Every structure is written in C-alpha cells, then in structure tokens.
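Trainee: Protein chains in written order, with the working numbering: chain A, 5 to 431; chain B, 3 to 438.
You may find that some hints are simply not true.
Label-pair ranges, simulated between beta-carbon atoms [what the hints assert, rightly or not]:
#1 B:E114 to A:A396: 31 to 37 Å
#2 B:E68 to A:T24: 49 to 55 Å
#3 A:D334 to B:P252: 45 to 51 Å
#4 A:S10 to B:S64: 47 to 53 Å
#5 B:R419 to A:R399: 27 to 33 Å
#6 B:E139 to A:D213: 50 to 56 Å
#7 A:A396 to B:E339: 50 to 56 Å
#8 A:S10 to B:T14: 45 to 51 Å
#9 A:W250 to B:A240: 57 to 63 Å
#10 B:E307 to A:G271: 37 to 43 Å
#11 A:G38 to B:T14: 28 to 34 Å
Just so you know, the hints here were simulated from the structure itself, not pulled from any lab data. No experiment lies behind these values; they were computed from the predicted model shown. Think of the CB as a built atom: it goes at the ideal place given N, C-alpha and C, for glycine as much as any other residue.
Now for the letters of each chain:
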Amino acid sequence: MSRLESTTDSCLGETLHRATSPSGVEIALLRTPGYATASGHFGLRFGSTDTRFRGIDGAAVEVPDGSAHFLEHKLFEGREEKVFDRFGKLGADFNGGTGFFETTYYFVSAGRFDECLEVLLDFVQHPLITQERVDKEMGIIEQEVRMYEDQPGFRSWMLLHRALYRRHPIRVPPGGFVDSVRATTAEHLQKCFDAFYRPLNFKLALSGDFEPEAVLDKVEALLDTDRPGSGARAPVDEIETIAAPWLEEEFNVEQPRVTIGWRDRAGVGLGAAMLRRQQVSAFVMDLLFGVSSPFHEDLYLRGVIDDSFGAHYTCDASYGYAMASGRTDDPVRFADEVRGAVARFLQRGPRQDDLDRMVRAAWGGAVTSLQGPSALASAALTASLEGYDPFAVFRIFQTITRDEVAERAQELLDPGRMAVAVLRPKS
Amino acid sequence: MALLESFPRPRTLAPGVDLLCLPERRFKRVLLHLHFDRPLDARRPARSLLCQILDHGTERHSTRQELACAEEDLYGVTVAQNSDRHAGMQRTTLRVSWVGEEFLPEGARVTEPVLELARERFEAPLRAASGAPFPAETLEREREQLLRQIRTFPEHRSAYAREQFLQAMCAGEPYGLPPWGTAEEVVALTGEDLEAARVDLLDHARVTAVAVGPVDPERLAGALADWLGSAGLRGGAAREVVPLPRLVEPGAMRERRETQPVDQAKFHYGWRAPRPVTGPQVETQALMNDVVGGMHGRLFRIVREERSLAYGIYSSSSTFVGMWTVAAGIDANSFDEVLRTVDEQVADVAAGNLTDAEIEVARVGLLHDLDSLGDSASRLARSLDREHLLGLYRSPAERAAQLRKLGAADVAAAAGRLRPDLVHLVAAAETAAIVG
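Chain B with its partners taken away, still in its complex shape (with noise of 0.2 Å):
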C-alpha cells in the first residue's frame, strides 16, 4: 500500500504551525486534530477549565446547544477540545471530524463550516455582558464540575490509581503535576486566568495539526492558514517548542501503598528508561516492551496463563518521558508474587535468556500493527504526530525495516538499561494491611 511507504511532507503554515495531512479516500469520515502544546506548568488548571467553558457558546452560537444544533446539521460533525499530558508536555488539543462530503447528498459542503465551527470556539468565545472574559455564571458552573470531577475521580479505579502512581513517581517533576490541577488551584482561578490561558495557547503554543480522511489538503491548509498562518489571523504569534523533560536517574527502589475502598487491588510498577533518538532505539524499546508485556509477552503467559493471578498485566513505553510501567488488576494477595515476577523476568531478559520464538511472536505482532496502520485513520493521525514529535518522519515500510534488523542482543541490552523506580498498590485497607 503506497501510503505506508511514504510519509506526507509537513507543510509549515507558520514558524511553529506544521500540518500533516493524508488524504485517504477510503475513510467515509475525516479526522483533524490540532495540537496546542505548552509546558506542564502553572497554566495546567486554567487550560482544563478553559476547555470545559469553551463548550459553553461563542459569539455566533451563544449556548451549548446551539452549538451542538450547528454541529448535527453539519451530518454529525464532532468538535471537542481537552487538555492531558503528553510526551511530557500539556496538550491541548482540539478534535474535529466530519463525514466525507462524496457520502453526503450531492452539493453538501461542510468542511469550512466545520473548521468554522472549530475555529470559533477558540477564537469568539461567548464574553460576559459585563465586559468579563466569561460569563460569571457559566464560569462558577464548570469550576463546580472540575472540582466534582476531581473528587469523584476515584470512582474510576483504574484511571485513579494511574494517576497516583505517576504523581508517587514524578514528584517534583512537571510530569508528576496532575494536569488538571488540585482543587485548591481550581479555586483560584479567575475569568482573567482562563482567558490569558487561551491567548497563551493561541499565540504561543506549537501548533501540529494532522488530518487524516477523505479531504482536500489545499483546502484545509487554506482555512487554516487563514486562522494560524503566518498571513491569518495569528501570524504574529511567537510560539515556543517546550523542551523534552529532563530524565531522572532513579535512586533506590520505592514502594507506596495507598488504601482505597476497592474490590480489586491495582498495581503499577514504574521504572526509568533511556530515550530513545534514533528510529532503531524507538523500535527496540517497542519490541522490548512487547516481549517482556505485551499481549504475548512473558508477563501475560506467566503472570495470567501460568499462575491465574489478574485478568490482565501489560506494560508500556512512555517513549519521551523516559519511562516504562507495568500495570495489573490483581488480588492484594498476590503483590508480592507479581512483584517479584517482573523483577525476575527483566533481569532474565536483560540477561539474553531470550527464544527466538518469543522475540518473533513479538516482532510480528509490532509488524501487522505497522501492516494495518493504513486501516485505521485514527491510528495514522497517532502515528503522524508521533513520528513528528520524533523528528524521524519515518514510513511504516521504514519502521517495518528498522524493526526486522533487530534481535535478542537488541532486546536484552534494552531491558538491561532499564532501572526500577517505584512501585505502587491501590488496595482496600484489609488486604493492603495484609501486603503491608
């Protein structure tokens, strides 16, 4: 398939604005994402909050549901922006999608309707009467959302004890901030707060936009040159590119405990790892992750197949924060024997005691996932950003060749770079007094 042997050229609407578009006429629907990317900082709080009230109307659609009237007329286009951490930075991104206009009754044109949509949010929100940059009231309202939505967040069990464990982990760290802020820095902020947030986001932000789906890139690229090109609306901007966080060398290894009113104890293991800069390094630690705790990987046959002892455990890369975690859902009684079992399995695959049939299974695994990137306009949108991020502008076909190269010694050497950090249970009071 051609388009896994290229990668689409990135067009530089500005200095600090790329987009990244592939048309695919085989999507039905196109996907942008437009990325806002600034530092871990003080802002965090302001920019969750701003996103929640940009829902909230602009000067052309002065409600919520005006602006979701406008959206189903346009055949359901989605428009909807968040903040998160991502490679070590705040992202706030601003998600569009719209059904192709050769699916839609013949003359229908909605894409520059919809990046109006889009665009309108961010740059017309609804002012206050008063002069203010929001509505009072719309403001104390989704202040009282965020602040339910940050006392309720232990609700979701897997996504609570995530998050404490990145915040046990990286404290002191950017990446140990949680990204919506603590409640008491929700209380704080003001009109004047989420409204320099936005114009920080707007004229200092590194922008990436990537679209993906049955479109016309000239015409996206004009619409959006109009609004953050260099000749649009924010050619002025001064944006800055947020520096990589700085890697932490891990002292001795640590152990939290937290009690929570849970069923099922979670379980995170938090280790330190290089980053990886070239696109081999990026590969290896893919492959590496998948032999140690992927779908095949050591972990799932002998943590779940071998011992029943959780339903699931795999790990994951955070390629630029220069971390690597195992998670499971298991039963507090077995903290110590899974554990243990991932000690025992990274030293043996540091140690090169690796079949070459694992390392296959891995490898090909890593390869029909490269294979079936075309598939999926969602999983190309990632996997553009990512490489752009990267700065390697690799193909999949490119990836796919770095990958094969690669064996055992590869495999081992990464494993052996990899040095504990933390590890943290999510656990009812029973049973974490037992583990404990």
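Here chain A stands alone, though its shape is the one from the complex (with noise of 0.2 Å):
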C-alpha cells in the first residue's frame, strides 16, 4: 500500500501527494511533467517574532532580535564546505528567507535534482555554530539590516506595527537591528537551533518530472530519525487596543509617506479558517481600494492618492491587519479622506457584480501564481506551514458570498482599530 495520500485538484489538475516521515516531517510531493527543473523548499515554523521560547529541556531562553535570521544565515556556512559552493558546483538557484513566523530555504535545479536535494536536507539538519563564524557574519547581516533601514517603505511598514500593536513581537523587523546583531552569539544561535530546527517542525515541498515514491524513499533516507519533540514559543502578550492612533517619525525622504492600518480582531489560528480569512479580507480591500473601485477612483481624480497608494491585508495566527498606503504632501487630509471612503463604503456595502469580477481576477491569479516547479513546491510548502491545502483557494472563490464580504468588512474596518503611520521628511 502506498505511503503516499493523493489528491488532485479540480480547477488545476495537479495532484499533490503528501507523506509523513517516521520522525514526523510532512512532505509534500507535486509532478511536474515536462518541466526540466525541479524545486525543493524545505522549512519550519520558526521565525524573527521566536526570540523567548522553551527550549527542548522545558528552561526559559531569550535570544537577541534577529536570531532566526543570523541563525539562517549561519546554516548557508555548512560544515566542512560552504553551501554557496556545494549549490555552486551543481549550478543550482537556492535561497533562503525569514519571515516572523517562519524560516524557509530552497533550491531549484535543472538535472541535479537528487544531490541538491542532498545538500538541501543536510545543511538545514546539520550545522556547525560556532563563535568564529558567528563573528564573521555580523559584518554581512549588519548590511543587510542597514539595507532594510534605509528603505522608506519598510520604515513605513514598521512604523505601522508600533502604532498598531504595543508588545507584539512583530514590532521588531525580521532581521532584528544592528545593535541586536552584534549582540548575538554562538550559544544564542545553537539555543534556537537545538529548540526549534527538528523534525517535528520540519516542512518540506518537492516538485519536479519525478516518481513520488521513489523521491519519497530517498526523503527518508536523508531525513534525521531521532530529535523527537520541540521547543516551545511564547504565547504572545498583547493588548487588544491600538498603541497609537497617530505615530510619525522623522526620516530621509522628499515627501511624506502615509500608511494606515485597521487592526483586525484576535487570529483564527492557522488553518483553513486563516486562509479563508485572508482571502475574504482581500476581497474587502480590493473592492474598496483597487483600482476599479469608485472609492479609488474619486481618490485619485480629486488628487489625495496618486500611483503609489496601495492597500493590502495580511495575518498569520496572532495578529492580523489590512493596510492603506501612499505619499501625499498633507498626511491629515489623506487619513480623513482615506477615513471617509472607507465609511462611505460601509454604508453602502459590496455590490455582487462588483465581488463576482473580482473573483474571476482573482482566480485568473491564483491560476498565475501556480506555475512551474518551484512556485508550486514553495505554495505547498506555505500551505503546509499554515495548515492548509495549496489549492484551497479555489473552493474559497467558489463559495464566497457578498453577505460574507460585507460582514467582514465590517468587522476589519473598525474606526477604533485604525491607526495611522507617517514618514515625514527631516526637518
């Protein structure tokens, strides 16, 4: 009988085959005929807002911001020989990226499918930590972090978190700051690793002109049998009002940049109900900000927003909120309009023709955003950390009701939720 439970989408035609190996990690299997590359992404949930946790003995750790980032650039160091070099030789693209939640490395290849995968599941599983080359690397992250700082739109975006949330880790970028990194150690960076990076935790996403069953044999075969359990992350203590409703600060840039948020209500947990959250509230955001809407039309044609406004939604399982952003030279006058498209749009509610044209666009983007091996495999490895199944979207789209939109608008534009960021140029 096969280990392997598969499913086959409707709306795309491709099938997913899922594992779990002996020590626990869920693996996720996708054919891709006719393609000369193949893709793995391999990840867990661990990420920049871990900085207090249990470790495996149950005993209190705190680690400096940005640990999970410096920790995954440790992990590119290898043992014995760099993994830029042993990817080097094979000719494969590899990457890896922290978010808040979640860290995530993958590589996608054309012909060497096989040691790739081998490097892959090596370097993530088996590093070497040690103070050296923890010294070494600061240099290089506190580039980075500097990078980052000196981008208006993260400043902005940052900026956002502290007006919105008062203890909530997502305060503190993903790669923590220059001060942070040079306090971090070998010893901070194995806690992490000993704590979090082990099977249970363990994600991966493999997609390629493969045979499942024979890619998931040689899966096992690389996969650590022992480490069992996992290290626990603190539950995350926060207040359920706004910091502040109007937070600004002074910055390297020409001209004022506005972003607005709506905090939304408590998380849904991962999951299914995460996903179908997300995807409603983008509906919200779209029907009353996109560029077909009327709102953002009479917006743009009066002169408050321009072509850099934009509006998002976006959530993980403890915070979620959705976003208005633009420049503008009169930031007061840009909330308050901003404010009253987003009352005017409450009273008068989702129209169903409006909402079913979204949906098509949408569909016509999700069926985008699926193609080729690698965005497959990292779709279903973003699934798998979330809890969900890649091609859930598309039932979303075909159940969702106007009712449904209403209510969360309603819900998610709370004018007591709201508040609002500026970047104002230095004085």
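Each chain sits in its own coordinate frame; assemble them with the hints.
Mentor: Written out as structure tokens, the structure reads:
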C-alpha cells in the first residue's frame, strides 16, 4: 500500500501527494511533467518573533532580536564546505528567507535534483555554529539590516506595526537591529537551532518531473530519525487596543508617506479558517481600494492619492491587519479622506457584480501563481506551514458570498482600531 | 526538451514588425510583450508621460476604473505600458498577459478581447471634448505625478544611485540621459507633444512582439497583423531601426562622490567593454562576468565572504552599450578597500590567474540558466528578444555548446579588454567626507 496520500485539484488538475516521515516531517510532492527543473522547499515555523521560548529541556530562553535571521545565514556556512560552494558546483539556484513566524530554504535545479536535495536536507539539519563563524558574519548581516532600515517603505511598515501593537514582536524588523545583531552569540543561535530545528517542526515540499514514491524513499533516507520533541514559543502577550492612533517619525524622504492600518480582531489560528479570512479580507480591500473601485477613482481624480497608493491585508495566527498607504503632501487630509471612503463603503456595502468580477480576476491570479515547479513547491510549503491545502483557494472563490464580504468589512474596518503612521521628511 | 533545441522562426508581419511566438502548453498564462524601439532622443519625456496618460481611458472605456473593470472581467488580464532604456534605445513596452483559455471555464475566449484592450490603449486613447489630444485635467494630473516621481526618486536608494552613476559615466551620450526626462522637460510638455510621440511610436518604431505560453500562434499573428501588419491599421508605417550606440574609449579613470542622506553607501564602478558580435563573444563576456562578479564569483567571495564588507556585490554586462558594471551596498569607510579589490581582481583574471574550478562553477551556473530557461515564460521571452536584437537566433542548446568550448584564455582576454571609466559613490555627508 502506498505511503502517499494523493489528491487531485479539480480546477488545475495538479495532484498533491503527501506523506509524513517516521520522525514527523510533513512531506508534499507535486509532479510537474515536461518541466526541466525540479525544486525543493524546506522550512519550519520558527521566525524572527521567536526570541523568547522554552528549550527542549523546558528551560526559558531569551535571544537577541534577529536571531532567527542570523541563524538562517549561519546555516549557509555548512559544516565542512560552504553551502554556496556546494550548490554552486551543481549550478543550482538557492536561497533562504526569514519571516516573522517562518524560516524557509529552497533550491531550483535542472538535472541535479538528487544531489541538491541531499545538500538542502543536510545543511538545514546539520549546521556547525561556532563563535568565530558568528563573528565573521556580523558585518554582512549588519549591511543587510542597514539596507532595509534605509528603505522608506520598510520604515513606514515597521512604524505602522508599532502604532498598531503595543507588545507584539512584529514591532521588531525580521533582521533585528544593528545592535541586536552585534549582541548575538553562537550560544544564542545554537539554542534556537536545538529548540526548533527538529523533525516535528520541519515541512518539505518538492516539485519536479519525478516519481513521487521513489523521491519519498530518497527523502526518508536523508531525514534525521532522532531528535524528537520541540521547543515551545512564548505566547504573544498583546493588549487588545492599538498602541497609538497617530504615530510619526522623521526620516530621509522627500515627501511624507502615510500608512493606515486597521488592526483585526484576534486571530482565527492557522489552517483553513485563516486562509479564508485572508482571502475574504483581500476582497474587502480590493473592493474598497482596488483600481476598479469607485472609491479609488474618486480619491485619485481629486488628487488625494496617486500611483504610490496601495492596500492589502495580512495575517498570521496571532495578528492581522488591513493596510492602505501612499505618499502625500498632506497626511491629515489623506487620512481623513481614506477614513471617509471607508465609511461610505461600509454604508453602501459591496455589490454582487463587483465581487463576481473580483473573484474572476483573483481566480486568474491564483492560476498564475501556481505555475512551474518552484512556485508549486513554494505554495505547497507555505500551505503546509500554515495548515491548509495549497489549492483550497479555488474552493473559497467558488463559495464566497457578498454577505460574508460585507460582514468581514464591518468587522475589519473598525474606526476604533485604526492607526496612522506617518514618515515625515526630516526638518 | 525540444524547445531548448530550436529557435522559433520570426514572422515578419510588416517591414520592421516581427513576431516571435513560442506556444507552450505547460504554462498557464500567456505573456505578450510588444516592444516599440526609438532612440534615446528629445521625445523621451513625452513617451514616459504618454505611458502614464494611456492608463486613464480610451474611447470605449472612458476612465481608468472602466479599464480596470474590463481587465478583471477577463479573468485578471494585465495590460500595462512603460518606457525605459534598453540596449541603448528607448524602449516602450506594452505588456499583456492572460490566463490560457484551457484553464478558464468551458467556452471562455479571452485572447481577442485582451488584444483589443491592449490595442485600444495605443490607438484610441481618450480624447478631450475640446478636440485637444488629451483631456487637460488628465494631462496636468499625470504631469504632476511624473514630477513627483522625479522629485522623490532619491528615496529609491539603489535605483537612484544607479541612475546617477549612469548619467555621470555616460554624460554627453544618449545613454546618459534620464529616460523620463528632467523636471524642466516634463513641465514644458504639451498635449501635442504627447500625441506626436504616440504617432511616432506607432508609425516609426521598430516593433518586436514576443509571446510565450498557451496561445494559438495563428490567432495571435492574425490579431497583431490586423493592427501592425502590412495590410493592417498601421500598414503604411515607415519603421526605422535604431542604430546601436557609439562605443566610447574612456580617458583617465574618474571618481565621483555624491552626498545623500543614506545609511548604507552605494558603490558603482563602470568599465567600458567591446561590444560582442558573435555568439562565442557574447558567451565569453557572460562567463567572464560570472567568474568576476557572479553569485559564486571572485568579488562575492572576497568582498562578502572573506572580508564581510558588503551584503552583496555583483557585476553585470550591458552587452549592447559596451559597459560592464560592479555594484554593491557598502559601509562608506570600506570604499577604498572595495575599489582596490575590484581593480586587483579584474587585473588578476586578465593576467590569466584563474583556476579550472572557478571557471567551471561559473560555467555550470550559466549552463543551468540555459537548461532551466524553458521553465519560465518571462525568461524565455527575454531570451528570444535578446537573440533577435543580437541577430543571432541561437537556441539555448547552441548557446550551451558555445559556452562549453570556452576556457581560461578566453575569460582572461575578455577581462583584459575592460577599461575602467568611472567609480561612483553615494554616501551620507559625514562618511563621504571621510572617504573624500
């Protein structure tokens, strides 16, 4: 009997094969006939917000901001040979990324899939972290942190987080700060690795023109079979009200940047419920602020917003918010006008024909985002980490209703949970 | 993979209008890029502003909102245009993409409606009731927007630094002109200027259409021929090929330092290089570029991995312009060391001090890029267009064969032909003072 559980999506015809290794690693395999490349994405629910946790022995641990990102860098150092060199010899594309809640690693290879898979699973599971290696990496990470800190869009985004949340660790950039990077030691990183880089937390997604059963055999031979259990992240201790309705910072910008956020009610956890909340909320924001919306057109024609304007929704298990941002010479008017557009939208409610059109457009966008081995594997990994089916979005498109969107809009766009972050030119 | 073994036969729809179409059923979305090529001349700002104006309505869809609704109705097609430098020219590109009809509900046909949406932007823009080429309020609003973009450009630290570097290195050359124009030029534009730029694009630009994805080539060719073909709407156009830019022999090495309120300094180092003509010359330049400034190249290894001076340092070749550039985000205090390292490594490679291993890593990376080309519609589209511009029409397999024949002597010779021209640093005042 096959160890793989297979399901075929009726919209795209893609078949997802799933298995769980004896040690607990969740594996997703997608076959992509006719494609020359194959891709592997490996990740875990451990991100920059996990700076306070309990280790595998139950002891409380605290590490500097940016530790998850620093650890990601150090894993690429490898043990005996740098991962850059190992993948380089195979000609593969590869990278890693650290978010607030997740860290992921991937490769894309044409013709050297088995060897790349071996490298990926080896370097993520078997690092060598020494103080000398940590010290050497500090300058590189410092440059990366400074690069982000220098970007006005990034600064506005982090300013909004500080306006919306009082304690939540998403107030801190994923890479931390220059000072916290300098305070990081090998011991900190080892504690992070020991607590979270364990089979029970790992998820693996592979895609390529391969036989899933044969690939599963290879994967199982490469996954660690010991190291059970996991560290435990500290619960987020957040207060229900926003931190500041209006927060300003001076920065090196030519024109003020305004970012408005509406903090969502407490999360619905991970899984299908979160995906549905994400999608329905995205429709709310598109119906309100998308280019096809009458509210957007009105604000644009009256010169309140320009092409720098954008809006979206984002969430995870412990946070969520809708956001609209743009450049303006008059932040107060900008905020008032956006507030007014929201009020008019909530009073009028979404129209069925607008929603139908948005759903068609979103459907086309979702099809496009699932094209090719790397995109499929990436989507499968994200879905696995967040606990839903990578093709579930099409079922949401088929079942979403106008009433559901209207209700979500009323809940989400609560003026009492709105905060404005303004990045002003230095005086 | 068969598509890596061949190059699609270009179809000439009219003199100066070529279609390169690669029907590929594995992809779920069709990409169509319509490139209109003109010189980097006085009409640059008009073309840039025109691209913005064309977003704001047509005779059939009188507002941007209506255009957006029409695009959403067609399952999220995208239609957009922009103007920028490309291969020493100003290239105005109309980018269109749509979901393949086999992935849409039974019977849905979007190909022709999408192409009509794209065409009406250029052929039937919204006119002013007064008879002026464009509504005055749209023109003024979009002019203000372009002026704001120019004013706030320094906020885009990397792009701004690169632009300042290009303008300094290529001062006096068309390539050194900002593609969107200066604020003064934008202020002076009239609706008539934009209309003249529109007509000039449609009647004089060399047009290259590149399509990749689940598309019927005959249907696509038919629709494009109705518009741009010999017997089509623009059949009488007299199209001009833009000559390649004149290559410049640099004088003494120049240094330019600019003060900006930035936290991380931006380093650009420009070199002049001969323009490759043959396939092997093109591949030699690519191999040399990767050996020196690729992901696994000398500069990355020494500047980042060994000395921790930058998060990233990479080089790139501008094949058609005869330039080779090294770029990095650095601590300004490291400027001298980074500059010296680049000079030393280029000289070292030119002297033939290369290991087989470093050539092989660069070659394997480039071969991987070619092997994986067929899995990305956008990379395929770029590759087809580049071969067309080069006039080489090589398949990825032919390129790979040429690459495999190259050795250390070829790489060393290519590095030896580089001539340093200008190093440019954008840094904060206090750090600029230190390095200065």
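Trainee: Hint by hint, where does the structure go against what was stated? Just the numbers, ascending.
Mentor: 5
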